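Participant: Put chain C on the given structure of chain S with help from the hints.
Chains as they are written, first to last, in our numbering: chain S, 1 to 229; chain C, 1001 to 1411.
Since the hints were derived computationally from the structure, they do not count as laboratory data. Note that the structure is a prediction, hence the values are computed from the model and not measured. For glycine and all other residues, C-beta sits at the position ideal for the given N, C-alpha and C. Errors might be hidden in some of the hints.
Facing chain S, according to a computed beta carbon distance under 7 angstroms, are these residues of chain C, among others [said to hold, decoys possible]:
hint, residue
1, L1016
2, V1020
3, F1021
4, I1024
5, S1323
6, T1327
7, G1328
8, V1329
9, T1345
10, F1350
11, V1352
Taking CB as the label site, the calculated pair distances span [as the list claims (entries may be wrong)]:
hint, chain 1, residue 1, chain 2, residue 2, range
12, S, T54, C, F1318, 48 to 56 angstroms
13, S, V14, C, V1380, 30 to 38 angstroms
14, C, T1315, S, I15, 31 to 39 angstroms
15, C, G1004, S, F24, 35 to 43 angstroms
16, S, T54, C, G1307, 33 to 41 angstroms
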Amino acid sequence: MQWTHWQRYIFAFVITATIFGIAFFIAGRIDQGRVADIRAMQDAIAIDLLSTETQFELLGNLDCELLGERPVLTEELAVLAERLAYTESNLGSNNAQVTLLKKQYSLLQIKDYLLMQEITRKCGGTPVFVLYFYSNKGDCTECGRAGEVLTYLRQEYPALRVYSFDYHLDLGALQTLITLRKVRGEDVPAFIINNRAPVYGFKNVEEMEVLIPELATLATSTAQTSETE
Amino acid sequence: MDIGALGIYFCLFMGLYFEVFLLISFLEQRPHKKTASRPRYYPTVAILVPCWNKEKTLAATVHSLLALQYPKKKLSIVIIDDGSTDGTLAAAEEFANHPQVKIFSKQNEGSKYSALNFGLARTQSELVGCLDADSFVAPDALIEVVKKFESAPDIMAVTPAMRVHQPRNFFELMQAVEYVFGIFYRKMFDNLKAITVLPGPFSTYRREVFTKIGGFRYAHHTEDMEMAFRMHKNGLRIANAHTAVVSTKVPSSLGSLVRQRVRWSRGFLENSRDYSFMFFNPRYGNLGLMALPFGLIAFGMGLYVAGYMLYSLVTTLFTKALSLWTTGVPLQVAAPHFELFYIDTSMLTFLVAIVIGLTLVAVLIGGRIAQTKLSASSLVLYFACFGFVAPLWLGRAVWDMALARETGWLT
Chain S
1 MQWTHWQRYI
11 FAFVITATIF
21 GIAFFIAGRI
31 DQGRVADIRA
41 MQDAIAIDLL
51 STETQFELLG
61 NLDCELLGER
71 PVLTEELAVL
81 AERLAYTESN
91 LGSNNAQVTL
101 LKKQYSLLQI
111 KDYLLMQEIT
121 RKCGGTPVFV
131 LYFYSNKGDC
141 TECGRAGEVL
151 TYLRQEYPAL
161 RVYSFDYHLD
171 LGALQTLITL
181 RKVRGEDVPA
191 FIINNRAPVY
201 GFKNVEEMEV
211 LIPELATLAT
221 STAQTSETE
Chain C
1001 MDIGALGIYF
1011 CLFMGLYFEV
1021 FLLISFLEQR
1031 PHKKTASRPR
1041 YYPTVAILVP
1051 CWNKEKTLAA
1061 TVHSLLALQY
1071 PKKKLSIVII
1081 DDGSTDGTLA
1091 AAEEFANHPQ
1101 VKIFSKQNEG
1111 SKYSALNFGL
1121 ARTQSELVGC
1131 LDADSFVAPD
1141 ALIEVVKKFE
1151 SAPDIMAVTP
1161 AMRVHQPRNF
1171 FELMQAVEYV
1181 FGIFYRKMFD
1191 NLKAITVLPG
1201 PFSTYRREVF
1211 TKIGGFRYAH
1221 HTEDMEMAFR
1231 MHKNGLRIAN
1241 AHTAVVSTKV
1251 PSSLGSLVRQ
1261 RVRWSRGFLE
1271 NSRDYSFMFF
1281 NPRYGNLGLM
1291 ALPFGLIAFG
1301 MGLYVAGYML
1311 YSLVTTLFTK
1321 ALSLWTTGVP
1331 LQVAAPHFEL
1341 FYIDTSMLTF
1351 LVAIVIGLTL
1361 VAVLIGGRIA
1371 QTKLSASSLV
1381 LYFACFGFVA
1391 PLWLGRAVWD
1401 MALARETGWL
1411 T
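Same shape as in the complex, but just chain S:
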């Protein structure tokens, strides 16, 4: 009789553990789907970048208007960044797939940044670039809030190009960029605005607007909405 008790306890335990296992498996499969979704987005952006680069090489600076039709990947990169951040919060910063996606994303950003620099040099214009370096190793308590400020500014000024990089990401191209720009890891958050010297520490919206006077030349999202209307 006593054995029946234990049998029932063990059977219930096995079923419960199985349910946990199934929940773990399904959640994992869905996360894999998300990773695949991000990867597909990155592939699409990579193709777009390559296309723009090729277009640029074919035309040189002969037809900046044509280049201007599809040079801007800001929106796609912003959506990708948002999805990547969400996936990172779910799977954790140390997840190998997340790290790989972040490396690919960082490369795309660097390529987009270099291409946009080149286009600006040859075609003119007054774009505003912000390179933002953060750390999520627990050594930067202000990085989260710094990110919020930049997200808000990007919403307010759709033409503002913000490129965010995980300082500690083990990626050759990124580390080269860090070395070239002389960014100090121990002082992140760090901002490089329009190729000027790095600025360190958290800055609120007001302080950022002072640091980026070029923002005045950019249309705000409210102005754009009004024009559309």
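Facilitator: Relative to the frame of chain S, chain C by itself:
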């Protein structure tokens, strides 16, 4: 994953384990349907109705007892006015000329057990039932109880299926679901021979229970729980007659609900301490190995989950407020934006959904067992709100116990 979240997973595992365990018990032994059969023998029955300030409901309670389908000569109703300060005694006197009704009045001694013992001493019947003066029995309830006693000679006490009487407001509707869930798990505990309480509404005993183990005790104002514990200690079997339906009025305000549940919760903690030798003791079967330990674990888990949720909420709000204040980013109230990518599909979400789903299954089974229908609003209120109000009495019970604060028989 932080330690706090790990604790939540542990709670989910335990909750799920308990539900799976009960469902296995259900599949092993499904409750039978009500039949039209009659008992072979009608024992004499005395129903004790202890009442303290129940002038509004006493008459309806007694009328429901008088309407019981049972030989009149074999059934007596004993009303014990426990020193009421309202018109309870006058309401009882309305039945003074009824041959089945006996009315007594005594001084209140601060707890219900004394009124029950007072009535018990004035009866000689073979079965003794108890009925709170705000509960109403179905006409065939007593017959179903007697049939249950007849089904096995070793059954010494029988509990009914309890449901909420005419639930109307927020708190009553919420409790309606809780009581139906209770019908399910009480029946499953019956299968496991592990019923932990003999509730005031219509629990019925063989007289020999009292001759063997004595009458009711103070038991921290939960004499019904202590009696069940003591019966198990002495090897006296308790069964559940799920076809014997009794409706009971429940607290209709947050204050009265919390007071009632603090008494129950604290009673459980104090009686658990008094009968701690039963915990994890294989001698007491499923009661010692499952029902009692899990009751205590569930108590702790309820407090832990509530504490963790409160901590998370406060931390999130504080962080958001700090962020708004320091970043200078204006508060943006955006319309909800649906995107498939961002639907929460974490393991935690699935597990919570499974626990809620299995609870719903248990509630539906409970409703079927006692042929009780629940409104959709009841179900929504229960699943959306019960988890937020229950920690109020769990926390208060622990607090009162820690301070050894004395509370009265309030509800």
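Participant: To test your reading of the hints: which numbers does this structure violate?
Facilitator: As far as the earlier hints go, 11, 15, 16 are violated by this structure, in ascending order.
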